[in-house]
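Colleague: In case you want the letters, here they are:
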Amino acid sequence: MSAAPAYSEDKGGSAGPGEAEYGHDPASGGIFSSDYKRHDDLKEMLDTNKDSLKLEAMKRIVAMIARGKNASDLFPAVVKNVACKNIEVKKLVYVYLVRYAEEQQDLALLSISTFQRGLKDPNQLIRASALRVLSSIRVPIIVPIMMLAIKEAASDMSPYVRKTAAHAIPKLYSLDSDQKDQLIEVIEKLLADKTTLVAGSVVMAFEEVCPERIDLIHKNYRKLCNLLIDVEEWGQVVIISMLTRYARTQFLSPTQNESLLEENPEKAFYGSEEDEAKGPGSEEAAAAALPTRKPYVMDPDHRLLLRNTKPLLQSRSAAVVMAVAQLYFHLAPKAEVGVIAKALVRLLRSHSEVQYVVLQNVATMSIKRRGMFEPYLKSFYIRSTDPTQIKILKLEVLTNLANETNIPTVLREFQTYIRSMDKDFVAATIQAIGRCATNIGRVRDTCLNGLVQLLSNRDELVVAESVVVIKKLLQMQPAQHGEIIKHLAKLTDNIQVPMARASILWLIGEYCEHVPRIAPDVLRKMAKSFTAEEDIVKLQVINLAAKLYLTNSKQTKLLTQYVLSLAKYDQNYDIRDRARFTRQLIVPSEQGGALSRHAKKLFLAPKPAPVLESSFKDRDHFQLGSLSHLLNAKATGYQELPDWPEEAPDPSVRNVEVPEWTKCSNREKRKEKEKPFYSDSEGESGPTESADSDPESESESDSKSSSESGSGESSSESDNEDQDEDEEKGRSSESEQSEEEGEKKKMKKRKKVPEGQREGSSSDEGSDSSSSSSESEMTSDTEEEQVEPASWRKKTPPSGKSAPAAKEISLLDLEDFTPPSVQPLSPPTVVSTSLAADLEGLTLTDSPLVPSLLSPVSGAGRQELLHRVAGEGLAVDYTFSRQPFSGDPHMVSVHIHFSNSSDTPIKGLHVGTPKLPAGISIQEFPEIESLSPGESTTAIMGINFCDSTQAANFQLCTQTRQFYVSIQPPVGELMAPVFMSENEFKKEQGLQGGR
Amino acid sequence: MIHSLFLINSSGDIFLEKHWKSVVSRSVCDYFFEAQERATEAENVPPVIPTPHHYLLSVYRHKIFFVAVIQTEVPPLFVIEFLHRVVDTFQDYFGVCSEPVIKDNVVVVYEVLEEMLDNGFPLATESNILKELIKPPTILRTVVNTITGSTNVGDQLPTGQLSVVPWRRTGVKYTNNEAYFDVVEEIDAIIDKSGSTITAEIQGVIDACVKLTGMPDLTLSFMNPRLLDDVSFHPCVRFKRWESERILSFIPPDGNFRLLSYHVSAQNLVAIPVYVKHNISFRDSTSLGRFEITVGPKQTMGKTIEGVIVTSQMPKGVLNMSLSPSQGTHTFDPVTKMLSWDVGKINPQKLPSLKGTVSLQAGASRPDENPTINLQFKIQQLAISGLNPPLFAKEDWP
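So the protein sequences, as listed, match chains B and F. First residue of the first sequence? That's 1 in UniProt numbering, and the numbers climb one at a time after it. First residue of the second sequence? That's 1 in UniProt numbering, and the numbers climb one at a time after it.
It is possible that part of the hints are untrue.
[Unchecked claim] Now the stretches of chain B that chain F is said to cover, found in silico as 3 or more residues with beta-carbon under 8 Å:
#1 304-316
#2 350-362
#3 434-446
#4 488-494
#5 891-904
#6 955-965
Everything labelled a hint here was simulated from the structure, so no lab data went into it. From the three backbone atoms N, C-alpha and C, an ideal C-beta is built for every residue, glycine too.
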C-alpha cells in the first residue's frame, strides 16, 4: 500500500505491469519504444529540485529493478542524486547504484567521493552504511580505496563499523583475489575482536577468504567458544561449522578407544550408546582388555567447545540446531552424542523443507548411531499428509532403525503403508521391507510371505517391485522356496514390467533344479514372445536358456538354439554379443573348447546374495548438515572435514596468556634433561599405561625409577608415543648427561612430596608447579587459567623435581620458546607483540634470512618448512640447491635454513624418525648442537624422491620438541641437466621408444 | 552465501528478483521449472536443486516459491531458515504474504530484502530492527504518504543494530503497559482404523504480545515446568536461568513474537479429545460402496470442540459420492477425489454424521487402498498437555 502512488502511476503509465514484462523483449518493438519514452519522463523527474518527484521516480525505478526489468539507461540521471539531502531518496539511489555499478563502471566512479566523505562521518551508522555501499560497488578500479576503507574501519571505535568491515572483506576478495594477504591481516585483527557483533561476521569472512589458515584461530579459539551463545543466529552457524573443522585438526578422537570396541561383537557396541551410563564402563572395559592402549583424556578446550554449544540445541533456529548436532556427531564421544537426537526430532515438526534436510542427516546418523534415535522411532512414522519425498526419507530412517526388538511394530507400520495411494511410496515401502528382511534374519520368512501375498495385488507396480525384492531375498536361501518360485513362474503370463520379468527369469534359471518341470515351459513361452521383449528381459531369456541347456539339455536343446538364433539377429548389439558368447560357451564345438567343459561351473556357480544397503551409507564422510552431504557430491567451496590427528598438536597454541608458555617450556626442558639418563625405555611403559587409572602408582614408580617423567610434552594428552619420541631425542643428546647426574639427586629429594598431592586436583597442581617455578625464577601466575586434563597434571610432579636444575641450565640450554619465557608480560600487550612479531616473521620468509654458511644458494624459491609461530621460535625454510648431493647421486640436495627467533637457544636439532612413502629415502643432516637466539644456520640434507612428487614427511626434532614437516618437490627440482652429444641423445631417445 | 532470490508464483512467473552480488540471469530458474514439472505437486519439489553452476534452494509458502540461488557450499538449513524468516517478515509487515500484496508493496519488499542481507550474509533479520529501518505500511501512513510524498524509510538511524539486545528497539513508550501471552497447543496423532492411537505428540508454542515501556526485564514461571522436556527459545530468553531454575527470564522484543515452543513427546500418554467412527465399504459385485462417518467428543473437560473439518482422499476408482451430512457442508471434488466436510461445532447430544453411497467406476474392481481421514479441530482454553499457564509474570524494570 505504501508504494501505492508510485505503483498506481506505474500501472497507469500505459498498459500496466503486463506491458512492463515485455519491456525488455526486443521482439515487441512498439512497446519498447513507449517504455523508452517513459524513462525520459523519469529522467525529468530526477532532474527536478523537488524531493517528492525524485522520490516518486526512484520508487518506480526500484520497482522496475525488482521485476527484473532493465533500468540501466537511467544511470547518469540517478547517480547525480547520490548526494541528495533526502535520506529516503538517498537510500533508493544506493539500491540502484549497487545494482548497476558493475555495468556502468565509469559513471559509478562519480559517486565514490560521497562515500569517502561518509566514511569520515562522526556518526557510526553513517560510516557503516557508507562502507557497506562502497564495498558493494563492484568496480575493480576502486579496490585500493576499498582496501584502505576496510583497514580503517577494522580499527574503528564502533563495533558496528567493524562488523561492516568484516562484511566488506569477502566482497573485496571476490572482486580482487590478489588482495588476499592484506585481507588476511585484517581478518586476523578482527578475529581478535571481543564483541559478539563482530564475531559472526569475521568468521564468515575467514571462511570465505582463508579457511585454510587454521592457525589464525588458535589464539581466538577460547574466546569464540565463550562468545558463541551471544552471537546472532547466523553467526553461530558459521562459527560452529568452522570450529568443527578446527577441532578435527587440533584434538584427538574421543572415540579412539571405542573404535576398537566396534570391532568387538555388536552388542558391546550398541550397549555403549543405548545407555549413556554404561558408556564409560564399557570404555574402561576396553581399556582393560587392551592394556597397550593409552588412556584417552579429552583436551579441556575440546570439552569447552562441547559444553558451550550444547545449550544452542534449544535455539529456535533450525540451522543452529543442525550445526550443533553435526558438531556433536563429529566431535563428541559416543556416550554424549545422544543429546542431539531429541533436538533433531523436534525439528521434524517444522516446515517440510527443514524436515527434508534434517531427515537426510538423520538417515546418515542413524546408520552409524542407531541407538541414538531408537527411542524416537515413532516420531518417524509417516503421516498421510507428508509430501512423498518426506515419506521416503522417513521410510529410510525407519528401515535403518529397525532391529530385532522393534521389527514387529515397524513391519506393522509398513503393512499400512502398502495400502497407501501414493504408488512411489508403496514401491519404496516394499524395498524397505526387503532391506529389513535381509538385515534381520528372524523376520525373513514373515517378510517373504508378506511380499508373496503382494504378488496378487492388482497394481502392477506393486507386484513388480515385490518380485524384484523377492528375488533378492530368495537368493539367500533358495532351497526352501521352490513354491514361491513356481508361483512367480506363473506370473510371467501377466506381469509386464520388464524389471520384474527379468528378475523372475533369472530366478528360474538360477534355481532350475528346484523347479525342473516348470522351467522348460517358461523358456518355451519366453521363446515365443522373445522378439517382443525388452532388452533386459531378452538378456535374461538367453541366460535362462543357457542354464537350462546345461542342466536339462534333453528337453531344452532345441529351444535354446532357437533363442540363440533369434538373439543373433537382434537389433541390440549387447544381445547379439551375449548370444554369441553364450553359444561358444555351452555348445561343445568341434575344437572342444576348454571353456565349454567348465560351462556349468561358469553359469551355475553359487552367487553371493546381494546386500541391500542404505543409500546413506558412507555419506558421513561429508560434514553433516552441509550442502555437499545433502547432494552426496562435493559442492564448490566445500571444506573437507579432516580426519582426527594421530597425535594431538600442541594445545598451548591456544593459550592467550604468555606466562603459561613459560611454564610449559620450563617443564619440558627439565624433563628432557632427565630423559637420556634412564635409557631403559621399556621400564617406562608400565607406569604410563596405568597413568589414568592409578595416578599414585604412576607417580610412585616414577619416582622410583627417578622420573621417567619426560612425556607429557606440552601436549595435554600425554601419549606413549610422545614419550618414545622424547626418549629418542633424549638419547641423541647424551652430552647433557653430566648435568643430569647432578639433577638426579635433587629430584630424589623432591620425590618425598606426599603422593596425595598429585592426585590431580588443579589446586594441588598449582601449588606444586608454582613451587617449582618459583625455584626456577619463573612465574606461573596463570596457573588457574590453564585448565589442564588430569593426565597432564600427573606429569607435572616429576618436572617439579628437576626444577632446581632449570635455573642454571636455562642459560646454557637451547630454549625453543619465544621471548615471554623470560619476562612475563601482561596479556594484552603480549597479543599485540606476538602479532607484530608474527608479521615480521611473514615478511622475513620472503627474503633470504642470513648469508648461508654453505655454498651460495639462490634466495629465490625458498619455501617455508616450519613457521616460527608453529615452531615456537624456530623457523625453518628450505630451498632446492640444484646441486648434486655429494653422498648419493640419486638424492636431491635440499638446503635447510634454521633461524632461531626466540630468545633462548635451541639445542639438538636433528631429523627424527621419518615416515616415508616407499622408495623415498633421506640422508639426514648432521645434528646441530645448538642455535643461539637470533642466529641462523643452514644444513644440507639429501632426499631421494624416487622420481616422484610425493612428499617426504619427517620430524624435525629439537631437544624438547618435534615438528612434523614435509617437503614436496616440484617436478622441476627432480631433474638434472645432462650433457651429451647429439648421437648419444638419439641413442637414448631410441631406447625410450616402445617401452 | 545467498546470491539472488527469485519469487515465483504457482503459474511459473518470476514476479520479483533481488540480487545481492553480481546479477544471476533468471534463466537459472529453468532448472527449477524442470524440477517443478517432474514433481507434479508443489510440495514435492526438492528443496535443493543442483544446477551446473549454481544451487537452487527453495521454500514453498503461501503458494509462492522463494528460490534462493547460491554458488558455494553453505549449510542448506541456513538458507532455508533464512527464506522462512523472509516470509515471516513479510507476514509481519503486510499481514499476509501473497503475490498481490508483494506486488503492491514492491518497493518496501525490495528495501527490506536489501537490509536483510549484505553480500548474501544475513545482516538485520530481527523484525524490530527492520521496522525501525523501514516502516511497515499502515493505512494511516499510506494516506499521509500520499499527501506528503514521503516513504516508509525510517528517518531516524537504526540504533537497534548497535544495542546489546538487538531484538528490542530503544526508546519504546506506551501509556498502557500490557503484555499478553497466548499458549497454543497442537496435538498430532496417527490413529489406526480400529481406533487405537499409534503415535501422538503435542507441540506447543507460547506467543507473546508485549507492549511495555523502556527496557523491561521479565521473568515467567510455570506451575509444572517439568512437562516441557524439549524447548526452543527466542534468543532473548536466558538459557542458563532456564537450565538451573526452570524460570524464563528475558528482555522481550517490542510487539508480537514467539517466546518459546515446546514439544511433549510421544512417550507421555496423550488423550485425544475426539473420535471418529467410520464405516466405509466397497463391494465387488455392484459398483456402489457405503460410506458413513461420525465424529464425537471424548475427554474434553467440558469444553466444546469447534472448527471441525474432516478431509479424506478417496481412491482413484471413486467416481462420485452422494452424501448427506447431519450438520455442516461437504464437498467432493471428482478430479482430485478429495472429500471435505466442514462440520463446525460438535454438539455432544447430537453427534454429527455423514452418510451416503459411493459410486465406483463400473467394471473396475474394488480399490485396494484404505482412504485416510484427516480431522482438524480446535478447542479454546484447553491445554491438552496439562501445562498450566504462567503462574505470574513479574516485571522488573527501572
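Colleague: None of the hints should be skipped; say for each whether it holds.
Modeller: Right, here's what the structure says about each hint:
1. Given as covered by chain F, the segment 304-316 of chain B passes the check, having 4 residues with a CB less than 8 Å from a CB of that chain where 3 are the minimum.
2. Counting residues of the segment 350-362 of chain B whose beta-carbon sits less than 8 Å from any beta-carbon of chain F gives 7, enough to reach three: the coverage restraint holds.
3. Against chain F, the segment 434-446 of chain B contributes 0 residues with a C-beta closer than 8 Å to a partner C-beta. That does not satisfy the three-residue criterion, and the hint is violated.
4. Evaluation of the coverage hint for the segment 488-494 of chain B: breached, as 0 residues show C-beta separations to chain F shorter than 8 Å, against a requirement of three.
5. Under a criterion of three residues with beta carbons nearer than 8 Å to beta carbons of chain F, the stated coverage of the segment 891-904 of chain B fails, only 0 such residues being counted.
6. Judged by the Cβ-Cβ criterion of 8 Å, the segment 955-965 of chain B is not covered by chain F as claimed, because only 0 of its residues qualify and three are needed.
Hints 3, 4, 5, 6, counting from the list given before, are not met by this structure.
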